[in-house]
Amino acid sequence: MNNSGNAMRKINQLMIRLLGAMLAMLFTVAPAIAASGDAENGKIIYEKRCIWCHGGDGDGSGAAEKFLNPPPRNFEDGQYKFKTTGFDDMVPNDEDNFRMVRDGMPGTAMPGWKALLSEQEMWDVVQYVKTFAGYEEEKPETQIDYGTQIPTSPESIAAGKKLFEDGDRCVECHGKAGKGSATKSLKGDYKERTWPRNLTKPWTFRASNDPKDIFSRISTGIPGTQMPSFADPKSKKKLSIEERWNVANYVVSLAKTKEVVDAENTVIKAEVAEGDLPATTDDERWDQAVPSTFLLVPQIIGKPRFFKPSNDTITVRAMYNDKAVALLLEWDDRSKSIPGDELAEKIGDSPISEDGVAVQLPVVIPTEMEKPYWGMGDATHPVNIWQWKSGTTKAPETIALSNAMGFATIEKRDAAASGLQIKSSYDNGTWRVLFTRPLSTDDAEKDLQFAEGRFIPVAFAAWDGSNSESGSKHTMTTWYWMLLKPAPSSMPLAIAVLVMGLLLGGLMWWARSAAAKDTENA
Amino acid sequence: MSMTKKRLIPRLLQFALVIAGVYFGFVLLFDVILGALIPKSLLSMYMFFVIAGTFMVFTCTEESAREMVDPIKALVEDPSKKIVRNIVYAVLPLLAGAYIFTSLQLSFEAPVELRSIHPAPPASLKAYGKRFDLATLENPYRKLEKSDPEKFKKLVFEGGEVYIKNCQYCHGDRLDGKGPYADGLNPTPLNFQDVGTIAQLQESYVFWRIATGGPGLPKEAAPWISAMPVWEDFLSEDEIWKVILYLYDYTGMRPRSWKHE
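In the order they appear, the protein sequences are chains U and P. Note that this note's numbering has the first sequence beginning at 81, numbered continuously upward. Note that this note's numbering has the second sequence beginning at 16, numbered continuously upward.
Be aware that one or more of the hints could be misleading.
[Said to hold, decoys possible] Distance condition first, Cα-Cα at most 25 Å in a straight line; then the derived BS3-like pairs of lysine-lysine:
| id | chain 1 | residue 1 | chain 2 | residue 2 |
| --- | --- | --- | --- | --- |
| 1 | U | 267 | U | 383 |
| 2 | P | 145 | U | 146 |
| 3 | U | 128 | P | 166 |
| 4 | P | 234 | U | 451 |
| 5 | U | 474 | U | 426 |
| 6 | P | 193 | U | 128 |
| 7 | U | 128 | P | 161 |
| 8 | U | 451 | P | 55 |
| 9 | P | 145 | U | 383 |
| 10 | U | 146 | P | 55 |
| 11 | P | 96 | U | 597 |
| 12 | U | 128 | P | 168 |
| 13 | U | 383 | P | 193 |
| 14 | P | 55 | U | 349 |
| 15 | U | 597 | P | 97 |
| 16 | P | 193 | U | 388 |
| 17 | P | 193 | U | 553 |
| 18 | P | 158 | U | 128 |
| 19 | U | 317 | U | 241 |
| 20 | P | 55 | U | 565 |
| 21 | U | 123 | P | 169 |
| 22 | U | 123 | P | 166 |
| 23 | U | 383 | P | 158 |
Derived by calculation from the structure, the hints in this document are not laboratory data. Just so we're clear, the structure is a prediction, and the values are computed from it rather than from any experiment.
Start from the sequences, fold in the hints, and give me the full structure.
Given below as structure tokens:
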């Protein structure tokens, strides 16, 4: 299927090239313009759309350079991360670059240009970009050998898992759970910080999580990074074609589909817990709670702004009983940042800070649309902030409570006095932090008093201490909602029956009195 | 009891059909065609006015009112309609009961927040320690577009650099409101490529929106959820005017102006 699709694409491409060549002969006398794109028109488009990041000279030094991670590609070096030519071939296929221009790269600032540019215009850009590395005449010499694709199956996944975990191939960087929980610090060719991909979040893959794309990455590696080629016969870790398909199928199977962001899911639904609230982050009852996953965005509103986040989503579950509410926050963080810890200092951007997470709630549940300003409240709408920090080698983890009326007006309060408690755990690249607080507190003026059945605005923030995040440098969510779902009650049924009875009674009375009037008249 | 004239569809049924037609029309338009679920509270508000209006039309003369009421009276009072009456008496309370029961169930749908996207601007705005009169405020560089195109081009380019360093995270490289972090924000960032945004606005309005950001919005535009920073704190007056040039130049839109209208 894939092969025939490929063949079709090649034929199509050939046709386009032929057509292009014929047109070229018709309209110009200049010899052999590039087969499928016009570099001169590409230059015009490039200078309007691309220079801002990639720079006028194509060396990745556009105005945005310092604000982006990954940094914009340097085209002068002619090294491409995502390509389908052989691992030892620098030159990509035109189609590889065309695809990146067309679809963009998730998790980066590179958008898909198909929204603004025509097919031809994108080919023109591809043609122009090649000139930066002097590739306009170069043709790739080798291609990835895909052999015959092995469709996914439990056997293939099991075989892939074994290869993934054995022989120091993948686990060293991607971690046993595939979440990229690092054991060493990685750098790209431009000395930029790189993090191994979290394979459980396929929506962050730069070039899709189609098994064929994953096979391509395993085969060619990712040039310019420490991701090596596993097709290189000189490598001790070389994998056969069949083995690479198995690993690709295993990687696809790692996706944590329960934690995909769903734009419709904006309400954290806390159900009533039977008995006591879960006291640990791994209590089995959490599996029954409906997870809500929200996007984390860097704090770019207040000074100093923060541009290069590493955390991208946070998953929240909640439960409550007649005494307290429990919120379980879960997010993937590739490093457990405990300042003073030797490994943590080595992996992170030393000196590292503590990891952290915070919950923001209004002090008063709004009765109308108006909420506190989402960036830490405002003068008339204070917020409660519960902040957990992971601790250092010298000090244990901490929980802090503060009331804020904007960035600058923060009052530190006593978390213990409000009954705020925490439990945390770090496992294979995932933090889980459990906050518990009584539904009501002694200080109703300053603490949110939880109420059943009310929509309570809630927002979150997270800090990755290994990514230079501390203070105002962090990621955050916008306002979402939390709802303590009341246990099912018989009230609605009772009222419905009552209304039914009254209505029927009224109708009967009407009919009867009409009949009585009729007999009277008769 | 004399019917004024025989109709193909009785008035009462006409009334019911009109209401049902409008209701499903709304659902079809919003949920199916526009692909944006119409919030229940909004739909009930619309339907309240539709029912009230239709009722007024159907009962505007005494005759038409009678036409509406007579079949109902007949149903209750006419002994020959006993079977139909019994059926209606069984079904009506059941429907009412079911409606009450479902409407008393707690909804887990997020509350709807209706906000004005382009609220009316104030007469003047305070920024950079001075007052700007929005009625007369103009982009000081706009005139260079004709008088000095080379200089103008350079200013647009400088505006582009301001944009890419500050605005693309949310509004996007393509200026279509789909920057890398757009999906994590609510409301989502404005799409400048849309003909309904900057093309409808004067440059003074855009200056106001940039300089004072989310917190500078009036209440009807829900300033508390906007992620737009107060750019007065980050950019100079000059940089804002240049970035405005870039927004219009890149998208090929023209600012509105009192002069040309």
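Status of the hints after comparison with the structure:
Our distance criterion of 25 Å between C-alpha atoms is broken by residue 267/U and residue 383/U, whose separation comes to about 28 Å. Restraint check for residue 145/P and residue 146/U: not satisfied, since their Cα atoms lie roughly 33 Å apart, outside the 25 Å limit. Between residue 128/U and residue 166/P the CA atoms are separated by roughly 17 Å; this keeps the pair inside 25 Å, and the hint holds. Distance check on the hinted pair: residue 234/P and residue 451/U sit about 11 Å apart at the alpha-carbon level, within 25 Å; holds.
Distance check on the hinted pair: residue 474/U and residue 426/U sit about 18 Å apart at the alpha-carbon level, within 25 Å; holds. Distance check on the hinted pair: residue 193/P and residue 128/U sit about 18 Å apart at the alpha-carbon level, within 25 Å; holds. Only pairs whose Cα atoms come within 25 Å are accepted, and residue 128/U paired with residue 161/P is accepted, the gap being roughly 20 Å. Of the supplied pair hints, the one linking residue 451/U and residue 55/P holds, its CA atoms being roughly 22 Å apart against a limit of 25 Å.
Pair hint residue 145/P plus residue 383/U holds up; C-alpha atoms about 22 Å apart against a cutoff of 25 Å. In summary, the hint linking residue 146/U to residue 55/P is not supported, as the alpha carbons are separated by about 47 Å, beyond the 25 Å threshold. For the suggested pair residue 96/P and residue 597/U, the alpha carbons sit about 17 Å apart, so the restraint of at most 25 Å is met. With a C-alpha separation of about 12 Å, the suggested pair residue 128/U and residue 168/P falls inside the 25 Å cut-off, and the hint holds.
Under the criterion of a C-alpha separation no larger than 25 Å, the hint pairing residue 383/U with residue 193/P is consistent with the structure, at around 23 Å. Of the supplied pair hints, the one linking residue 55/P and residue 349/U holds, its CA atoms being roughly 20 Å apart against a limit of 25 Å. Distance hint between residue 597/U and residue 97/P is fulfilled; the C-alpha atoms sit about 17 Å from each other, no more than 25 Å. Taken as a hint, the residue 193/P and residue 388/U pair is honoured in the structure, with Cα atoms around 18 Å apart against an allowance of 25 Å.
Under the criterion of a C-alpha separation no larger than 25 Å, the hint pairing residue 193/P with residue 553/U is consistent with the structure, at around 23 Å. Between residue 158/P and residue 128/U the alpha-carbon distance is near 22 Å, which keeps this suggested pair within the 25 Å criterion. Taken as a hint, the residue 317/U and residue 241/U pair is honoured in the structure, with Cα atoms around 15 Å apart against an allowance of 25 Å. Of the supplied pair hints, the one linking residue 55/P and residue 565/U holds, its CA atoms being roughly 20 Å apart against a limit of 25 Å.
For the hint pairing residue 123/U with residue 169/P, the CA-to-CA distance comes to about 18 Å; that is within 25 Å, so the pair holds. At most 25 Å may separate the alpha-carbon atoms for a hinted pair to count; residue 123/U and residue 166/P meet this at roughly 22 Å. The suggested pairing of residue 383/U with residue 158/P is violated, with an alpha-carbon distance near 34 Å, which exceeds 25 Å.
Hints 1, 2, 10, 23, counting from the list given before, are not met by this structure.
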